[in-house]
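Asks: So you can see what is in the structure, the chains are spelled out below.
2 protein chains.
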Amino acid sequence: MGNAIVGQSGGPTSVINSSLAGVYESAIERGAGKVYGMLNGIQGFLEKRVIDLSLYLKNSLDIESLKRTPSSFLGSCRYKLPDPEDPESKDTYEFIFQYLKELDIEYFFYIGGNDSMDSIAKLSNYGKKVNSHIRFIGVPKTIDNDLVKTDHTPGYGSAAKYIAVTMKEIIRDATVYGTNYVTIVEIMGRNAGWLTAAAALAEGPDCEGVDMICLPEIPFTCEGFIEKVKKLQSQKKSIVIAVSEGVKLPDGRYVCELNDDGHEEDAFGHKALTGTARYLANLVRKNLPTKTRSIELSILQRCAGHMTSRTDITEAYQVGGAAVKAAFEGMTGKFVSIKRISDAPYQSTTELVDINEVANLEKKIPLDWITPDHMRMEKAFLEYATPLIQAELTPIFVAGRPWHIKL
Amino acid sequence: MGNAIVGQSGGPTSVINSSLAGVYESAIERGAGKVYGMLNGIQGFLEKRVIDLSLYLKNSLDIESLKRTPSSFLGSCRYKLPDPEDPESKDTYEFIFQYLKELDIEYFFYIGGNDSMDSIAKLSNYGKKVNSHIRFIGVPKTIDNDLVKTDHTPGYGSAAKYIAVTMKEIIRDATVYGTNYVTIVEIMGRNAGWLTAAAALAEGPDCEGVDMICLPEIPFTCEGFIEKVKKLQSQKKSIVIAVSEGVKLPDGRYVCELNDDGHEEDAFGHKALTGTARYLANLVRKNLPTKTRSIELSILQRCAGHMTSRTDITEAYQVGGAAVKAAFEGMTGKFVSIKRISDAPYQSTTELVDINEVANLEKKIPLDWITPDHMRMEKAFLEYATPLIQAELTPIFVAGRPWHIKL
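As they're listed, the protein sequences go chains A and B.
Note that the working numbering has the first sequence beginning at 1439, numbered continuously upward.
Note that the working numbering has the second sequence beginning at 1439, numbered continuously upward.
Chain A with its partners taken away, still in its complex shape (with noise of 0.2 Å):
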């Protein structure tokens, strides 16, 4: 039997090594040769950059660390790969392919979001016109939650329950003086507003809840928010507000480009979308009488392994699982979709679904799960996420420390 290769892109989450814990696993048991792990995803793989996983991952301990180890095991990319209709790309392809015949694989797996999954299905469909025997799979990992044909995205639900547990910590810090203060947390998710909208996960019996939420799917207006900030600080001194970095206004300028100061970016040279929240802070102190505080949970919110979701965790593994046997099964240009089977008990499965109809789309917050006031989330939402964040897998704590596994 061929061998297998697997590889990560995207951004890191705290849960995609579980999944690569899973694709390597189910290969090994299913009796791939070898298993191949591609560093720096496709971007690696085209600079030959590919290692023996079995020569890292040795016993059962490795794998129970790399499970609970955030980031990318193998490092990660943004590459793009070019049109495979392309005239100029047939270099590429054609290297790809002898290489993956090099390596003597059968399949072939990325664990990505939906610009990985654009990979896959370009790899997949010049694979086909090329009559190549490999199986291309695609593994889904975000924690944006915005791919679609999926009930949510390995990712999501770790990244929602630790926004759940900081907004209760924050809320619990923001309420202690008993003074007017206003604490904007700024929380990820570009365009997609469900990271922003886990912090109404906060509320419960034991906690008062955040008090208003700003979604990217609700345009945005300065005046607006004031007004909002002013009416809740009459009936409440100490207001939490969660807002997403991807909130815009009317015009379409994200409200972070209206701070002068120089932008950071991310490691491609995108625009990071930081300081929303701190851009608001200001303006809300020029505007009422009120101290005030903005908190960016930043990368924190992707990678803390310490404190994930076992229900994502243990889907992060069995996508991985599944993407295997589809493979070792004959499928190729799929993509692993988790399908929700029931909420109370929850309980889920996996399901195929071609990967063009996947790549590239964006999934948003449906608006009828926004309250009418567009501050709130609708109980729609609170059963949607909050089976996804239950339960926890405590991380393997060597000197007061979780351990990690890296290359």
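No lab work stands behind these hints, which were simulated from the structure alone.
Worth double-checking, as some hints may not be accurate.
Identical chains blur together in the list; that is why a pair holds if it fits in one copy or across any two.
Unchecked claim - Keeping only pairs whose Cα atoms sit at most 27 Å apart, straight-line, the calculated BS3-like set for lysine-lysine is:
1. LYS1518 x LYS1674
2. LYS1763 x LYS1587
3. LYS1724 x LYS1675
4. LYS1539 x LYS1472
5. LYS1817 x LYS1666
6. LYS1539 x LYS1763
Fit chain B to the given chain A structure using the hints.
Replies: Leaving out everything else, chain B in the frame of chain A:
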């Protein structure tokens, strides 16, 4: 037997409620009539905002929840009592002692940092002057670890553990793309570097550790900083730096003051020392060919009840109990300090120190615990701090979130 009263003051921590639990349980056990809690510290006491704690802490599950709930259960304040020698303060002190008499208080406990110890000093000094029988005892608390006459302060171990864990996770995330990248993480502590130094605890067999630590104990120059980053990045693409919010230029200005946008203020109008990492990330980006990211751990580092040190939370409980013991044995005007007995195995006990030797003083990191290049911590610091972050106390998870207790 008379009644006891307890208050919490200053910035909250994730274990200050464990000290409250220690005071409450010990006072009940030793036969106190009632145990009152003052809301928002001495400031609330002056407004007669006092509760009977037994109405809120009804059973042992409430006590366990209290130990695990971050921030100050009773609320906090940053109120400075007037000088009792000042004739204008007469009314204030007469009010306080009159109200204490009304409540039949014999034991007065105040949990806080150096400002709060000032309150205990003033009250006990005034009490002695007027021959009051009331015993005043200070219970230490501060994440900053800047109290003198104690090996360390409750609150520090948990914040240090949170920082170590989070820095490990940030390092895993920041190295994932293999590109030039400088991540600057801003850590609290004002003029003492204890918390920022805790970033050194990220390093271990499974983690390369942070590349540079900038402490307020060492004068900071922007030119020197850029030179160091440049040198580091010539050896390694992804650099992670921990910087104290309190780093200062040789002329005495805080680095964060170099930002030209508005300054946020804390709940008391103190200028918030935020924006240091953001300023430095912008500076690096202007001077070196690299992407950058700034991260502020903000209040997350002081309220992360989900990631506490069991050593810390246990000691926080113990200093509460030791304060009660001291008061019931007739002591007054004392502060409970932690004395380290041995490092391996780590053992500590409590002792009593005259409150006047503690109030308003600040303890900094010994300079010989910093490497000569001013970029790392010496072994002496690691040996000091490592025992303080050992072991965990799992939150009580209810429906996927840590359960808190609140008024």
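Asks: Is it within, between, both, or neither for LYS1817 and LYS1666, if the alpha carbons may be no more than 27 Å apart?
Replies: Cα proximity of LYS1817 and LYS1666: one copy only (22 Å, versus 52 Å across).
Asks: First find the shortest C-alpha distance between LYS1539 and LYS1763 inside one copy, then the shortest across copies, and answer within, between, both or neither for a cut-off of 27 Å.
Replies: within (21 Å within a copy, 76 Å between copies)
Asks: Please work out whether the CA atoms of LYS1518 and LYS1674 approach to 27 Å or closer within one copy, between two copies, in both situations, or in neither?
Replies: Only across copies: LYS1518 and LYS1674 sit 25 Å apart there, 49 Å inside one copy, limit 27 Å.
Asks: Should LYS1763 paired with LYS1587 be assigned to within, between, both, or neither, using CA atoms and 27 Å as the limit?
Replies: within (19 Å within a copy, 63 Å between copies)
Asks: With identical chains, the pair LYS1539 and LYS1472 could be close in the same copy or across copies; at 27 Å between alpha carbons, which is it: within, between, both, or neither?
Replies: The answer is within: 13 Å in one copy meets 27 Å, while 80 Å across copies does not.
Asks: Which holds for LYS1724 with LYS1675 at a C-alpha limit of 27 Å: within a copy, between copies, both or neither?
Replies: within (17 Å within a copy, 40 Å between copies)
Taken one by one, the earlier hints all hold for this structure without exception.
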